[in-house]
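Spelled out, the chains give:
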Amino acid sequence: MYVAVKGGEAAIDNAHRLLAEARRGDPAVPELTVAQIREQMALLVDRVMAEGSLYDPDLAALALKQARGDVVEAVFLVRAYRTTLPRFGASAPVDTGAMAVARRVSATFKDLPGGQVLGPTFDYTHRLIDFALAAEGETEPAAEAEPRDDAGTCPRVTDLLAQDGLIEPSPPDDGAPVGDLTREPVDYPADRALRLQALARGDEGFVLGLGYSTQRGYGRTHPFVGEIRVGEVAVDFVPEELGFPVPLGRIRLTECQMVNQFKGSGTAPPQFTRGYGLTFGQSERKAMAMALVDRALRAEELGEPVASPAQDQEFVLAHCDSLQATGFVEHLKLPHYVDFQAELELVRRLRAEFFRDSDSVQEAAE
Amino acid sequence: MSATGTHELFPSPLRGGGRGGGGAEGTTEPRSAPPPPPAPPRKGEERGRTPSEAGYNFAYLDEGTKRMIRRAILKAIAVPGYQVPFASREMPMPYGWGTGGVQVTAAVLGRADVLKVIDQGADDTTNAVSIRRFFARTSGVATTTRTTEATIIQTRHRIPETPLREGQILVYQVPIPEPLRFLEPRETETRQLHALAEYGSMHVKLYEDISRHGHIATTYAYPVEVAGRYVMDPSPTPKFDNPKMDHSPALQLFGAGRERRIYAVPPYTSVRSLDFEDHPFRVQRFEHPCALCGAEGVYLDEMLLDDAGRRMFVCSDTDHCEGRRADGHVGTGEAV
Chain A
1 MYVAVKGGEA AIDNAHRLLA EARRGDPAVP ELTVAQIREQ MALLVDRVMA
51 EGSLYDPDLA ALALKQARGD VVEAVFLVRA YRTTLPRFGA SAPVDTGAMA
101 VARRVSATFK DLPGGQVLGP TFDYTHRLID FALAAEGETE PAAEAEPRDD
151 AGTCPRVTDL LAQDGLIEPS PPDDGAPVGD LTREPVDYPA DRALRLQALA
201 RGDEGFVLGL GYSTQRGYGR THPFVGEIRV GEVAVDFVPE ELGFPVPLGR
251 IRLTECQMVN QFKGSGTAPP QFTRGYGLTF GQSERKAMAM ALVDRALRAE
301 ELGEPVASPA QDQEFVLAHC DSLQATGFVE HLKLPHYVDF QAELELVRRL
351 RAEFFRDSDS VQEAAE
Chain B
1 MSATGTHELF PSPLRGGGRG GGGAEGTTEP RSAPPPPPAP PRKGEERGRT
51 PSEAGYNFAY LDEGTKRMIR RAILKAIAVP GYQVPFASRE MPMPYGWGTG
101 GVQVTAAVLG RADVLKVIDQ GADDTTNAVS IRRFFARTSG VATTTRTTEA
151 TIIQTRHRIP ETPLREGQIL VYQVPIPEPL RFLEPRETET RQLHALAEYG
201 SMHVKLYEDI SRHGHIATTY AYPVEVAGRY VMDPSPTPKF DNPKMDHSPA
251 LQLFGAGRER RIYAVPPYTS VRSLDFEDHP FRVQRFEHPC ALCGAEGVYL
301 DEMLLDDAGR RMFVCSDTDH CEGRRADGHV GTGEAV
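So the protein lines, in turn, are chains A and B.
For the first sequence, UniProt numbering gives the first residue as 1, with consecutive numbering after it.
For the second sequence, UniProt numbering gives the first residue as 1, with consecutive numbering after it.
There could be a bad hint or two in this list.
Unchecked claim - In silico DMTMM-like links for lysine to aspartate or glutamate, alpha-carbon gap of 20 angstroms or less:
| id | chain 1 | residue 1 | chain 2 | residue 2 |
| --- | --- | --- | --- | --- |
| 1 | B | K75 | B | E63 |
| 2 | B | K75 | A | D236 |
| 3 | A | K333 | A | D70 |
| 4 | B | K205 | A | E343 |
| 5 | B | K75 | A | E304 |
| 6 | A | K333 | A | D26 |
| 7 | A | K333 | B | D124 |
| 8 | A | K333 | B | D275 |
Stated by the list, open to error - Not close to chain B: a few residues of chain A, all C-beta gaps over 10 angstroms, as computed:
| id | residue |
| --- | --- |
| 9 | G25 |
| 10 | S213 |
| 11 | E330 |
The set of hints was computed from the structure by calculation and includes no laboratory data.
Think of the CB as a built atom: it goes at the ideal place given N, C-alpha and C, for glycine as much as any other residue.
Given only the sequences and the hints, what does the whole structure look like? Please build it.
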């Protein structure tokens, strides 16, 4: 005899206790500290900050610890925390031209003011497992850079190109308030600022795939990496009662300026166009993919046909958020008994009619 | 309806302008429409108050957010069936798991409310338990499993079998609020179709079902027309429940968190399931009564008892089933 199931509460409590135990793993192995995650899993921390839209390395590291290393889950924890924070204003725009660069490469010019700075990069490493790392030894100290004559000045490549009018200028700041997609629902068509917000917090894998698709012909943009730079910028805030900027601190950013071909139109002369990517921390893959997709999403503005997924802003913006995607995909594991029952009833009825009809057809044939 | 009658439809937070919904400093006025005296508690019933979680505002959301949501709700009530965009927040539970319903409930919940949460008709399914606990923790309001005692019922995929009454609010969790979404994926297009009341494509879809299958092959999330104007998704409730929405004395609110939409059916509003003269709308009928309480004309869950195909049909609405059994109704207890 069937008895209605009770005990959901106890089951949930027990599942959570089991989760805590699984998170800790073998108690004989020392527990990870948040500082260890922050320092040694720095790129993972950066990704959680970028997609979590909150610059706080310690909080991101703690979220990763709590989430057992699951990036989307860690992003979720950070976002849910972020949404409860009071907002006292917006910072002044950060000046990436004044960035203290740790890394800066241009694929369009061999040398340029400020130089090419490789910095800490996986590029040109041979991807061979370093078994010496398993021995937990100390690493060799890094070499000190020779000071350059032009050290400290590192103008953006796009600014250099703009001097000759070869690239479209950045649209001037019209002083209009910038939208915030975390506070207002997106109203399509969304302007570029909102699109960039969505891409900046969008899932790295999804944005990467979309960016890649433009390179393979689905909305081709003929891109060149004008520049990628990674480093720290100062964040200033202008309190209303003071009226002058007050430094809040420094944050690490990755910026990508993609330079794209444009043949010109009836109203615009031939010149290069821009795709822009910016992320918290060091994430060149994400910044580059974002810049590709940003440029692809400008298709309509630049009079190009909108035919590919990466050019379709409703497609991109509605699906790039990892939390929205994971929530809706994973909700399929919630009970759907009643809808399934409704479908069962229909399929049974349709099958009964199908077999009744085919029986009568067969009888008629006989 | 009289002015006081209108007030009765909105428990504390929606009453009176601008006041925080039982915010930390707010005092809760006596309800103008107190719920009927609670029936003596049944055995094993969950009913209690717990102090709210320290560090968070009453019912989790800050008062500014609640006001924003209430404005969207008021607009939704004023334009029945119209999807009002709202600035859905990131909630501490996943999108797709009821964040829209949770935000609507948080916005209308007052300290005097009694909350019931069901998922698939049952109070004890895990996600219903989780959401009920969330509000018990963050607001400390009384919770119940009894439809008759609740002032607010948050639901996923069912409408209780016990008829709702004036003063109650039914909050639906909605995954895809746009009834036209599977016919036209673009929001820019669907908003225009609604503006023009251009619902031909939906009728064609239903017609194609009939020509292909002999029936309208939509069994849940069956589209309805509200107040003779907007076509609305009733959320993925089985179409069995659609008739309960029509002229319901309760206020029905729909929250879609991921899609950032709120819509509403005010009390005593017409809700018509789309159909054709020669193919009138029909609800599912079950061949057997509930095996536990013997109820007929209710929605049933099918339980698989073994691998030999034995199954049993029991009430989907667990509160309704328990109530009937407490009143002495008995089913056959037999598998079919």
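**Report entry** Violating hint indices (sorted, rising)
**Finding:** The structure breaks hints 2, 5, 6, 8, 11; every other hint is satisfied.
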